[in-house]
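Visitor: Letter by letter, the chains look like this.
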Amino acid sequence: MSDREFTIPIGPQHPALKEPASFLFKVDGEVVVDVEPRIGYNHRGIEKAMEARTYIQNLYLVERVCGICSNAHQTLYAINVEDVAGIQIPPRAKYLRMFVHELERIHSHLLWVGVAAHEIGFDTLFYYVWRDREVVLDILEEISGNRVNYAWVTIGGVRRDISSDKIPKFQKMLDILAERTKYYTQVASTESTIINRASGVGYCSKADMIRLCGVGPHARASGVNKDTRRDNTYLAYDEVPFEVVTAESGDVFANVLVRVGELVQSVGIAKYALDHLPDGPIRERFTPLQKVPEGEATNMVEAQRGEDIHYICSKGDNKPYRYKIRAPTLANIPSLVVKLKGGYIADIPIVLAGIDPCFSCTDRTIFVDETREKTWDMTSDELRRYGIRWYSDGCNK
Amino acid sequence: MTYNDANMKTIERLTVAIGRENIIEVKTPRDKRVSIRVKTNKLRDTIAYLKEKEGLYHLATITGTDLGDEREINYHLNRQDLIFTIKVRVPSERPVVPSITDILNGAVLYEREVRDMIGVFPEGHPNPKRLNLSDDWPDNIYPLLKKWDIKSIRKEVDGEEWT
Chain A
1 MSDREFTIPI GPQHPALKEP ASFLFKVDGE VVVDVEPRIG YNHRGIEKAM EARTYIQNLY
61 LVERVCGICS NAHQTLYAIN VEDVAGIQIP PRAKYLRMFV HELERIHSHL LWVGVAAHEI
121 GFDTLFYYVW RDREVVLDIL EEISGNRVNY AWVTIGGVRR DISSDKIPKF QKMLDILAER
181 TKYYTQVAST ESTIINRASG VGYCSKADMI RLCGVGPHAR ASGVNKDTRR DNTYLAYDEV
241 PFEVVTAESG DVFANVLVRV GELVQSVGIA KYALDHLPDG PIRERFTPLQ KVPEGEATNM
301 VEAQRGEDIH YICSKGDNKP YRYKIRAPTL ANIPSLVVKL KGGYIADIPI VLAGIDPCFS
361 CTDRTIFVDE TREKTWDMTS DELRRYGIRW YSDGCNK
Chain B
398 MTYNDANMKT IERLTVAIGR ENIIEVKTPR DKRVSIRVKT NKLRDTIAYL KEKEGLYHLA
458 TITGTDLGDE REINYHLNRQ DLIFTIKVRV PSERPVVPSI TDILNGAVLY EREVRDMIGV
518 FPEGHPNPKR LNLSDDWPDN IYPLLKKWDI KSIRKEVDGE EWT
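Chains as they are written, first to last, in our numbering: chain A, 1 to 397; chain B, 398 to 560.
Be careful, since some hints might not be right.
Said to hold, decoys possible - Part of the chain A face toward chain B, derived, beta carbon under 10 Å: (1) 41; (2) 83; (3) 85; (4) 121; (5) 123; (6) 169; (7) 200; (8) 208; (9) 231; (10) 248; (11) 291; (12) 298; (13) 299; (14) 311; (15) 319; (16) 331.
To be verified - Far from chain B, by Cβ distances over 12 Å, these chain A residues were calculated: (17) 30; (18) 37; (19) 125; (20) 130; (21) 134; (22) 228; (23) 276; (24) 287.
In case anyone wonders, no lab produced these hints; they're calculated from the structure.
The structure presented is a predicted model; accordingly, all values stated were derived computationally and were not measured.
By construction, the Cβ of each residue, glycine as well, lies at the ideal position given by its N, Cα and C atoms.
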């Protein structure tokens, strides 16, 4: 190690968002030379716990895998169990599931755009976006009673119906979102604050992204045209017209473009689902202690952060023999490492935030100068201010 | 040609490429789903063939299952029209599989996860360190094995009874 190279541990408490993960950065001056990720600080043993619970109990456990993509995991769990049990769900249930699935994507992407705007130092956009996020959260609260963890899906269908007299009101709210998201696509592609700060930062080529099996908006930002909703279609996505949004530049700016583009598409899907809601029952019967025949199933859904895959193995009991969950963030860590390498320390928060990681945050970063045995702390605010100062002073030129 | 025909063709070509005697079981539970169990020594050949010739270069994840005397490892690959699962089984006395990280670079974290949780070692992995479990976790406990439950893990790790 030359005397210019330092090791900076970021985490386990708090790299960019609100959950723990650890990244060991090796830096030469301001440039990141190497990154070693370490996860598991939030490991709760959910897969093991699921083996000890019945299928209906697991429905509520699996929803708590993640706070933001709770419905995506629950939908996928229900699809998986129905696949093994051979249950066909009614068409109305498919559309109702799809409606909440898309609302959740809208709220998550709006949340992300706000966080990204904040990391960039563009707090006006952050306030705008989070104000509009309340609209979609109001819809979710009205139909499920909750802003997150909707408990909307059950095995065989959905738990509640949407009454027809509420649909015009929801349509009106979605119209507001449609208009606002169109405005954000325009802001994101023309506003110089975003372009100057985010373009060229955190680059990963298409070849690297494919090689490292990246997923979701993160992969689509590098030009990988892959979306589970279109490719391995589920629910009623094969009946809905929508486009898969991709970008070519592979940097944080492309991430912003893809996510705001998807917002417009998601609002469209949600409106379509409400307009074309079929009549009929909302669920098939599945009793609390019902046994599921022996078998295996693997299914995927497109969660907000990318392809989410679950595997179930049943041995004919009322509990799963093995249940495996792979959330999209784990699939995106190898390509995240590529994005961080060669970048500046000041870019770490925005690149980490770029994959919308489902763990971690930068409350406190310890800088270690190994050659001088000196350490000092930086809070997330200081690190963020440092990033903004670094760019506004033009030190990177 | 429907998706299903295309998938059957994939299975046929794979059978020719790695040899019928090396394939133990083929299942097609429904449209767009294939699962094939192969001999462990043919795992790398199978993965390399599917990656190069069939466009199955995306590894979604790796699952380990404890079956008692054996441990089953599932490699979930996918492409646009197909979720393709390759299975291998290894004896519990010697739970070692060849690493596929050099073929599919995306396997780098999944193999470490399987090692942590179910104790199947990826032979030839470039960096086989702990991923999910803490550094002071006992070496002999792989929590997803059926012989461990919350009580016995607690007793082994903390030395106290679960209450």
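Visitor: Tell me, which hint numbers fail for this structure?
Guide: The structure breaks hints 3, 4, 5, 6, 7, 10, 11, 15, 18, 22; every other hint is satisfied.
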